[in-house]
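> Given chain A, work out where chain B should sit, using these hints.
Residue-level listing of the chains:
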Amino acid sequence: MIPDTLRQQIDQWPDGDLPEGQQARLKESLEQKPEALEFLSDRALLHTMLSKSAVFDFLPLNAALDYSEVDHSSKQPLVQPYRLLAQPWIWASSATVACLLLISMLLLPNVVASPTELVQKTLAEYRTEIDRCYAVKVETEGRALRKRLPGRAVPADSKLWVRGDSFVQFFDTSGDQWVWGRDALGAVWFTLSGKSAASFESNEIPDVLQDVCDLRTLDVTTLLESLLRDYDLKYTDREDSNHTILASPRAEVSNSKYGTVEIEIDTRSGLIRRVSLERLRAKRVLAVISFSLEEIQNRADSFYEVRTHLQPNAGVLDEGPGSVDARIC
Amino acid sequence: MKTDRESEIRERMTRHWLASENAIRPYIAGAVNSLTDREDLLQQVALTMARRYEEFDEGRPFLAWALWLAKSRIIDFYRSQGRQPQFSDDNLLDKYAEALAERQHAVPVQREALEDCLEVLPDRSRALVRMRYHDGLKIDQIAEAIRSTPATVRVALFRIRDAMADCIKRRLASEAIE
Numbered sequence: 001m002i003p004d005t006l007r008q009q010i011d012q013w014p015d016g017d018l019p020e021g022q023q024a025r026l027k028e029s030l031e032q033k034p035e036a037l038e039f040l041s042d043r044a045l046l047h048t049m050l051s052k053s054a055v056f057d058f059l060p061l062n063a064a065l066d067y068s069e070v071d072h073s074s075k076q077p078l079v080q081p082y083r084l085l086a087q088p089w090i091w092a093s094s095a096t097v098a099c100l101l102l103i104s105m106l107l108l109p110n111v112v113a114s115p116t117e118l119v120q121k122t123l124a125e126y127r128t129e130i131d132r133c134y135a136v137k138v139e140t141e142g143r144a145l146r147k148r149l150p151g152r153a154v155p156a157d158s159k160l161w162v163r164g165d166s167f168v169q170f171f172d173t174s175g176d177q178w179v180w181g182r183d184a185l186g187a188v189w190f191t192l193s194g195k196s197a198a199s200f201e202s203n204e205i206p207d208v209l210q211d212v213c214d215l216r217t218l219d220v221t222t223l224l225e226s227l228l229r230d231y232d233l234k235y236t237d238r239e240d241s242n243h244t245i246l247a248s249p250r251a252e253v254s255n256s257k258y259g260t261v262e263i264e265i266d267t268r269s270g271l272i273r274r275v276s277l278e279r280l281r282a283k284r285v286l287a288v289i290s291f292s293l294e295e296i297q298n299r300a301d302s303f304y305e306v307r308t309h310l311q312p313n314a315g316v317l318d319e320g321p322g323s324v325d326a327r328i329c
Numbered sequence: 001m002k003t004d005r006e007s008e009i010r011e012r013m014t015r016h017w018l019a020s021e022n023a024i025r026p027y028i029a030g031a032v033n034s035l036t037d038r039e040d041l042l043q044q045v046a047l048t049m050a051r052r053y054e055e056f057d058e059g060r061p062f063l064a065w066a067l068w069l070a071k072s073r074i075i076d077f078y079r080s081q082g083r084q085p086q087f088s089d090d091n092l093l094d095k096y097a098e099a100l101a102e103r104q105h106a107v108p109v110q111r112e113a114l115e116d117c118l119e120v121l122p123d124r125s126r127a128l129v130r131m132r133y134h135d136g137l138k139i140d141q142i143a144e145a146i147r148s149t150p151a152t153v154r155v156a157l158f159r160i161r162d163a164m165a166d167c168i169k170r171r172l173a174s175e176a177i178e
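From first to last, the protein sequence lines stand for chains A and B. Under my numbering, think of the first position of the first sequence as 1, with each following residue one higher. Under my numbering, think of the first position of the second sequence as 1, with each following residue one higher.
None of these hints come from the bench; they were simulated from the model. Note that the coordinates shown come from a computational prediction; the quantities given were computed from them, not determined experimentally. Treat the hints with caution; some may be incorrect.
[Said to hold, decoys possible] Per label pair, the in silico range of CB-to-CB distance:
# : chain 1 : residue 1 : chain 2 : residue 2 : range
1 : A       : Ser269    : B       : Thr14     : 54 to 62 Å
2 : B       : Leu172    : A       : Lys33     : 21 to 29 Å
3 : B       : Ile75     : A       : Leu271    : 39 to 47 Å
[As the list claims (entries may be wrong)] The calculated lysine-lysine pairs, modelled on DSS-like cross-linking and capped at a C-alpha distance of 27 Å, are:
# : chain 1 : residue 1 : chain 2 : residue 2
4 : B       : Lys95     : A       : Lys52
5 : A       : Lys27     : B       : Lys95
6 : A       : Lys195    : A       : Lys137
7 : A       : Lys52     : B       : Lys169
8 : A       : Lys33     : B       : Lys71
9 : B       : Lys169    : A       : Lys33
By construction, the Cβ of each residue, glycine as well, lies at the ideal position given by its N, Cα and C atoms.
Okay, chain A solo, but in the shape it has when bound (with noise of 0.2 Å):
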């Protein structure tokens, strides 16, 4: 078994984009390990199958990074525009352009996006990259997982804070502060008042911590695209710029991991304020869950990672599957 760290810097090789530093340790890895060697060969291959796609003849659509202006029949790059906004001409255009509909939408105050148009809009200008802290309230938690999980009960109130697919959570319990997170490379680690941690490479993460993880966290994109594509969508608010949708699950959906989703939208930031969700497993709620955004502000990278969490000489263990239930409860 190649450990996650490795693999991913086997692959990030043939992009030509490990850094020096990396290089060395690859290098002794490769020379060391028969089976990195395998699973570079085995991925350069792939890069290069990847580089010899026909599939990519046509343009695909592109919602997240919404081109949708930009002519799709064409055969040029996908980041045509973003080049083209080198030029004086394009900003100026582009300025206006931006002003006229400015100026349309706040001469137009009655007139509103349907929930999925706003829903459609939200999820266009989702930025992954952006540091967003929540306070988080489980107000009711499914026996099943109480039962996985025994011991000391899981906090109900918490705060997290997530950019992309990392995060770092934060659970005040009764003198403690446990605190669990993913990194950048999907390693999910956990501390108890950053005495010691746990981390689990991203393809060692236990079945029950994976849980833990879908419940308890917030993947945006992933919760806006199953709005669009499972449910039927109303507004049941708005006020001012504030809208707020309520989500049902067509009947026709049987795998959904939510419920009923209630969520509260910024329309003129686009961001959204709070999320309101029924977690299911089964068909049956598994819990409820609140999201309120509280802040944004930046944060440094190493702000996901373990280290940053932990008391000076505190080590980090690294465990396998076995001995999980322990460790968090």
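For chain B alone, kept in the frame of chain A given last:
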């Protein structure tokens, strides 16, 4: 007559090259870090192969010969740069060549499976793959274009490639069962 013979050799050489490029390209990619150096080396290998084609023994596998030429070019490249090669042990370069050669018979079916897998990839992931492989952007350029960080793009591409590798395996396994 001489012209006929020359064109026949050229045709055979082209066929051989096209068949072996799928191994030579990843071979160089695994042994050399810089994208520009890789392209230069690939051209040098092609040039060397054309110059020395008459030495090639038709009774032996072309791929092994081409990979041997590529290995020589890679060693020369590191020597001329005065740098330590990625594989300091020549045996390791040989093992890497063997591993790639072994995989060559499966490449055509894997490529077909990959095309199917790419079709079902979510649009956003496909856009990243497109920028990296079709548009030839570097990681930091992609990050800039989508207003993200290089670390996020790296992790996203890593996961996409993992997903593609799994998807290819699954498809080929299910085809084998059928």
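> If you check the beta carbons of A:Ser269 and B:Thr14, does the distance land in 54 to 62 Å?
The hinted range 54 to 62 Å holds for A:Ser269 and B:Thr14, with Cβ atoms some 58 Å apart.
> Does B:Lys169 lie within 27 Å of A:Lys52 when you go C-alpha to C-alpha?
Distance of about 19 Å is within 27 Å: holds.
> Against the 27 Å threshold, does the CA-CA distance of B:Lys169 and A:Lys33 hold or violate the hint?
Holds, at about 23 Å.
> Given the hinted pair A:Lys27 and B:Lys95, is their Cα-Cα distance within 27 Å?
14 Å, holds
> A:Lys33 and B:Lys71 were given as a pair; does the straight-line alpha-carbon distance stay at or below 27 Å?
Holds. A:Lys33 to B:Lys71 sits at ~21 Å (cutoff 27 Å).
> Against the range 21 to 29 Å, how does the distance between the Cβ atoms of B:Leu172 and A:Lys33 compare: consistent or not?
Holds: the Cβ-Cβ distance is about 25 Å, inside 21 to 29 Å.
> Under the criterion that the straight-line Cα-Cα distance not exceed 27 Å, is the pair B:Lys95, A:Lys52 satisfied?
25 Å, holds
> Taking 39 to 47 Å as the hint, is the beta-carbon distance of B:Ile75 and A:Leu271 inside that range?
With Cβ atoms ~56 Å apart, the hint is violated.
> Does the alpha-carbon distance linking A:Lys195 and A:Lys137 stay inside the 27 Å limit?
26 Å, holds
Checked against the numbered hints given earlier, the structure breaks only hint 3 and satisfies all the rest.
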